[in-house]
Amino acid sequence: MAELERLANHFGDIGAICNDASFAIMHAQCGILRERVLRAADRCFGHRLMMDRIVPGGVASDLRSGGPIQLVGLLNEVREVFPRLVDLYDNTASLQDRTATTGILRAELARQFGAGGYVGRASNRAFDARKRPGYPPYDQLDFEMAVFDAGDVNARVWVRIREVEQSLRLIDQILQRLRDGPVAAAVDLAAGKTAEGLGFVEGFRGDILVWLRIEGGRIARCHLRDPSWFQWPLLEAVIEGNIVADFPLCNKSFNCSYSGHDLLVGRRRCAGPCSRALFDGRSPNRRREMTMQHCRNWPQRSIAQRGEDSVAACRSAKSMPVPATAANSKSTRLTMRFTILNASDCASSLRRGTPTS
Amino acid sequence: MVTGPLTKNMREALERTYHATPDPKWVIAVGDCAINGGIFTGSYACVGRVADVVPVDLHIPGCPPSPKVLLRGLLTLLKA
Numbered sequence: 001m002a003e004l005e006r007l008a009n010h011f012g013d014i015g016a017i018c019n020d021a022s023f024a025i026m027h028a029q030c031g032i033l034r035e036r037v038l039r040a041a042d043r044c045f046g047h048r049l050m051m052d053r054i055v056p057g058g059v060a061s062d063l064r065s066g067g068p069i070q071l072v073g074l075l076n077e078v079r080e081v082f083p084r085l086v087d088l089y090d091n092t093a094s095l096q097d098r099t100a101t102t103g104i105l106r107a108e109l110a111r112q113f114g115a116g117g118y119v120g121r122a123s124n125r126a127f128d129a130r131k132r133p134g135y136p137p138y139d140q141l142d143f144e145m146a147v148f149d150a151g152d153v154n155a156r157v158w159v160r161i162r163e164v165e166q167s168l169r170l171i172d173q174i175l176q177r178l179r180d181g182p183v184a185a186a187v188d189l190a191a192g193k194t195a196e197g198l199g200f201v202e203g204f205r206g207d208i209l210v211w212l213r214i215e216g217g218r219i220a221r222c223h224l225r226d227p228s229w230f231q232w233p234l235l236e237a238v239i240e241g242n243i244v245a246d247f248p249l250c251n252k253s254f255n256c257s258y259s260g261h262d263l264l265v266g267r268r269r270c271a272g273p274c275s276r277a278l279f280d281g282r283s284p285n286r287r288r289e290m291t292m293q294h295c296r297n298w299p300q301r302s303i304a305q306r307g308e309d310s311v312a313a314c315r316s317a318k319s320m321p322v323p324a325t326a327a328n329s330k331s332t333r334l335t336m337r338f339t340i341l342n343a344s345d346c347a348s349s350l351r352r353g354t355p356t357s
Numbered sequence: 001m002v003t004g005p006l007t008k009n010m011r012e013a014l015e016r017t018y019h020a021t022p023d024p025k026w027v028i029a030v031g032d033c034a035i036n037g038g039i040f041t042g043s044y045a046c047v048g049r050v051a052d053v054v055p056v057d058l059h060i061p062g063c064p065p066s067p068k069v070l071l072r073g074l075l076t077l078l079k080a
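Chains as they are written, first to last, in the working numbering: chain A, 1 to 357; chain B, 1 to 80.
If you're looking for bench data, these hints aren't it; they were derived computationally from the structure. Glycine residues also receive a C-beta, built at the ideal position from the N, C-alpha and C atoms. Hints are supplied without guarantee of correctness; some may be wrong.
Claimed, not checked - For the chain A half of the interface with chain B, some residues (derived, Cβ under 10 Å), not all of them:
| hint | residue |
| --- | --- |
| 1 | His47 |
| 2 | Arg48 |
| 3 | Asp52 |
| 4 | Glu77 |
To be verified - Distance windows between CB atoms, simulated:
| hint | chain 1 | residue 1 | chain 2 | residue 2 | range |
| --- | --- | --- | --- | --- | --- |
| 5 | A | Gly241 | B | Pro67 | 38 to 48 Å |
| 6 | A | Ala184 | B | Thr21 | 20 to 30 Å |
| 7 | A | Glu35 | B | Asp52 | 33 to 43 Å |
| 8 | B | Pro61 | A | Val72 | 25 to 35 Å |
| 9 | A | Asp172 | B | Gly38 | 34 to 44 Å |
| 10 | B | Lys79 | A | Asn242 | 47 to 57 Å |
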């Protein structure tokens, strides 16, 4: 399901980026491929967007009968059509003129902000949650991480193209390894029980972090960190010095999530990446003060200064780990550290067999 | 066509859009959230159903509705 989702969204993005350069045929052709994936998902899992398919303890439904044949047919069609679209993209000078050297994200900034997904990997940040820390079944599958160093719109398109190719390989391998058996474990969410879990997966935009605590059958606390959290601030840096007409290309090549970002902002009321670790343990009045001060200062600061702000602010928030966004940090390592810190917190509940996402 | 849960922020925008649209007009509530609030039912940020604010001529259920269901709904309205 994760690879089908990646395919559908990458097709949508590749087409939409070209459409923003008024190259409509790529948009139409990629739209057809995206639709084919969604229909296959519907036939295999009972929902075009595969919503409500992942549940505590496993997945809601098994691959339907005839599913593997559907998927093999889909892979064959994509393998036949997609290379021609890639050739078209790569050999159309007017399109290349718009995407190559447009909206360059410097590798240094991608690292500072811990940018994941195609944004980070197009700017030489070789990080993919499927590889590191890695999780089943990816740790047993053969695939390559697509990394480019140009950091422009073109590189972000190419990361997606390479990932489409890798997703096809992955689906092939997963289909070959499918075995009969249960697709979900029973989870006891009865009243009085507390369960806690941490999830860290590579979505199509990048690494997604979810922490969840269930008490008495209800969600007691939840923290959702969308990849866009690290990517939105970088878009601002990327458009600097570009012509207005190239803004849509820069924007679409990022394709950040508004609602995913708001999952955090709604709680913090602040767009600064350092804010996530700051508020815990502070009084409501102090939080309000911090937010006001932070939001006043933020727009006047350059991107590099914001990175420094983040480090300073996070260091001043004692007892909290420095988050992955901090400047001059080895962001990959810190992302890991952040993950592991949380993981150790809930390791005991995991051992008791409570659900993880 | 009105999609998504009707939020308090968007209530006035919906009402003004409805009144600014000349007759003949139809309102279609598309998706479970527009029809009954969906998973946002009871949220402090939501008003409730679209039908509570403007008269709805057709409900198209689904989360989200598939393209086929959408087309079938629209055709049904045209024929009615």
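Status of the hints after comparison with the structure:
The interface hint given for His47 (chain A) holds, since its Cβ lies 9 Å from the closest Cβ of chain B, which is under the 10 Å cut-off. Hint status for Arg48 (chain A): holds, given a least beta-carbon distance of 6 Å to chain B, under 10 Å. Look at Asp52 (chain A): its Cβ gets to within about 8 Å of chain B, closer than 10 Å, so that hint holds up. The criterion of a C-beta within 10 Å of any C-beta in chain B is not met by Glu77 (chain A), whose closest approach is roughly 19 Å, and the hint is violated.
Between Gly241 (chain A) and Pro67 (chain B) the Cβ separation comes to about 41 Å, which falls inside the hinted range of 38 to 48 Å. The hinted range of 20 to 30 Å is not satisfied by Ala184 (chain A) and Thr21 (chain B), whose Cβ atoms lie roughly 47 Å apart. Here the CB-CB span from Glu35 (chain A) to Asp52 (chain B) is close to 34 Å, well matched to the stated 33 to 43 Å. At roughly 33 Å, the beta-carbon separation of Pro61 (chain B) and Val72 (chain A) lies within the given 25 to 35 Å, and the hint holds.
For Asp172 (chain A) and Gly38 (chain B), the hinted distance range of 34 to 44 Å is satisfied, since their beta carbons lie about 36 Å from each other. Remark: the range hint 47 to 57 Å for Lys79 (chain B) to Asn242 (chain A) is upheld by a beta-carbon distance near 50 Å.
Against the hints set out earlier in the document, violations occur for numbers 4 and 6.
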